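Between the sequences and the hints, there should be enough to build the whole structure, so can you do that?
Chains as they are written, first to last, in my numbering: chain D, 5 to 258; chain L, 12 to 275.
These are calculated hints, taken from the structure and not from any lab test.
No experiment lies behind these values; they were computed from the predicted model shown.
Beta carbons: idealized from backbone N, C-alpha and C, even for Gly.
Here are the simulated distance ranges between beta carbons: (1) D/Thr93 x L/Thr90: 19 to 27 Å; (2) D/Val105 x L/Thr90: 37 to 45 Å; (3) L/Leu189 x D/Ala243: 46 to 54 Å; (4) D/Val105 x L/Glu269: 52 to 60 Å; (5) D/Phe171 x L/Ser22: 30 to 38 Å.
Each chain, written out:
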Amino acid sequence: MNIGSQKIFSHLVPTVGLLGFIALWQFAAGFYPPVQLPGPLDVLRALRELMTDGVLFSHISISLYRFFSAYLLAVSIAIPLGLFLGSYTTARRAMDPLLQVLRPISPIAWFPLAVLWFGIGNAPAIFIIFLSAFFPMLLATIDAVRQIPAIYLKVAANFGAGKTMVFLRVVIPAAFPGIMVGLHIAVGTAWIHLVAGEMLGAQSGLGYLIVDARNFLRTDWILAGMLVVGLLGLAIYRAMRQLEDLLKRRWGGV
Amino acid sequence: MGQQTTSGTISLRGVAKYYRNPNGERMAALSPLDLDIAAGEFVCLVGPSGCGKTTLINLLAGFDQPSCGSITIDGKPVTKPDSERIMIFQDYGLYPWKSALGNVMFALEAKGVAKSEAKATALHYLEIVGLKDSADRYPHQLSGGMKQRVAIARALAASPLVLFMDEPFAALDAFTRLRLQDELLRIWQEKQPTVVFVTHDLDEAIYLGSKVILMAPYPGRLRKIVDIQLPRPCDRTDSVFAAYRRELFREFQLVHEEAMDYAI
Numbered sequence: 005m006n007i008g009s010q011k012i013f014s015h016l017v018p019t020v021g022l023l024g025f026i027a028l029w030q031f032a033a034g035f036y037p038p039v040q041l042p043g044p045l046d047v048l049r050a051l052r053e054l055m056t057d058g059v060l061f062s063h064i065s066i067s068l069y070r071f072f073s074a075y076l077l078a079v080s081i082a083i084p085l086g087l088f089l090g091s092y093t094t095a096r097r098a099m100d101p102l103l104q105v106l107r108p109i110s111p112i113a114w115f116p117l118a119v120l121w122f123g124i125g126n127a128p129a130i131f132i133i134f135l136s137a138f139f140p141m142l143l144a145t146i147d148a149v150r151q152i153p154a155i156y157l158k159v160a161a162n163f164g165a166g167k168t169m170v171f172l173r174v175v176i177p178a179a180f181p182g183i184m185v186g187l188h189i190a191v192g193t194a195w196i197h198l199v200a201g202e203m204l205g206a207q208s209g210l211g212y213l214i215v216d217a218r219n220f221l222r223t224d225w226i227l228a229g230m231l232v233v234g235l236l237g238l239a240i241y242r243a244m245r246q247l248e249d250l251l252k253r254r255w256g257g258v
Numbered sequence: 012m013g014q015q016t017t018s019g020t021i022s023l024r025g026v027a028k029y030y031r032n033p034n035g036e037r038m039a040a041l042s043p044l045d046l047d048i049a050a051g052e053f054v055c056l057v058g059p060s061g062c063g064k065t066t067l068i069n070l071l072a073g074f075d076q077p078s079c080g081s082i083t084i085d086g087k088p089v090t091k092p093d094s095e096r097i098m099i100f101q102d103y104g105l106y107p108w109k110s111a112l113g114n115v116m117f118a119l120e121a122k123g124v125a126k127s128e129a130k131a132t133a134l135h136y137l138e139i140v141g142l143k144d145s146a147d148r149y150p151h152q153l154s155g156g157m158k159q160r161v162a163i164a165r166a167l168a169a170s171p172l173v174l175f176m177d178e179p180f181a182a183l184d185a186f187t188r189l190r191l192q193d194e195l196l197r198i199w200q201e202k203q204p205t206v207v208f209v210t211h212d213l214d215e216a217i218y219l220g221s222k223v224i225l226m227a228p229y230p231g232r233l234r235k236i237v238d239i240q241l242p243r244p245c246d247r248t249d250s251v252f253a254a255y256r257r258e259l260f261r262e263f264q265l266v267h268e269e270a271m272d273y274a275i
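Structure follows, in structure tokens:
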């Protein structure tokens, strides 16, 4: 096989896989009423329907707003805290039991409290997304700082670099690739919990769209909503990876 | 760039380093030793693994504290690392997120030199090691030999009185190593820092050192100090070189045999 046809082949395989799944879905849908399992064409129709009156876009934009504000809030707290806890062993030891207990609690479990504290609206959803992004970021940042090769700090101490310089010019850049891993993981968990958060406490957004469609037995809308969640999540994840590659190249292939 | 002062006298009195093994017994990584290194001298520490040469150089550089005894440089006790004495490591210790220039500038900026001045000075030192054209390249774009040259340029930029080198050329191929040995000698002759150079290569030690200190293991100790009276750079095929080589190899063999006895 030459390189050209190899390339075509490598694109063909996933396409065939996807088409095969859609065909199977269409076939299976033939055995059920559309309320139970709408076919792919029904879902496409539902998608167009949702798009024409602008409902879909308003749900998407409110979801993206919640996602990014929660994510940025998590970044702005988890990373400084992680840098601090990674640098100071005593502080980390003091915080460790609390983190170990909080970490396994699903962000969803916080939902009743979130509603009690923040009511219904953007806040509880943002809070849930924030929690789901916060822990992966925090733990990755702590690890990244702790795994900085000792030689980097030895060299800095040898040249007489002050504390601030060591922190800004050695610790942060050396931990950066590890922090990036945490940011990457957090995108995934945050996006997953976006839908959950909106299903529970919101009156808008993609999660709400899915729950609301169930109330009206619009199974085709449910699947359309799920499809949009999947595609948007993929797009955000891909964008994140592009950004990561770019930064890695800038960082000198660490 | 300023003439270097010719101090950098190192003096050790009763210096030892102990550690506890897993059974809680006190073991000597380095048994008590006295040693004087004159300013501007090039001293090579050689010996098999376990002889405490890395322990010793870490103590000298202030990265570690002796269990007893005193280390002074120009009469001042060594308690912590200092930019007057720079360590060069086998694995370079370059910052991968900084270019060659940025790495050298770090040494200057750590001293509070302004950025524009630091840049000019850093370029000067990169030129000394023959890497001015690679100033903008990142460590991952450089060969091992080039990386070690950047590390040397960075060390020189701090204008140290003493250079500690912990097997700096051990990871390099033979030809690069020979070339860097010559470059190091040239730089040493020009800047006249005191150099303490750890190696396990006897030829390298004789070629570079005005004094070769042979160390022995279990416990780590000084075994023999040989003054090498050769012009620098010297001819590696010279008969005097061969004589030193013979002398040191014979001693090295004895050390090895004793170490083997100990291991058995």
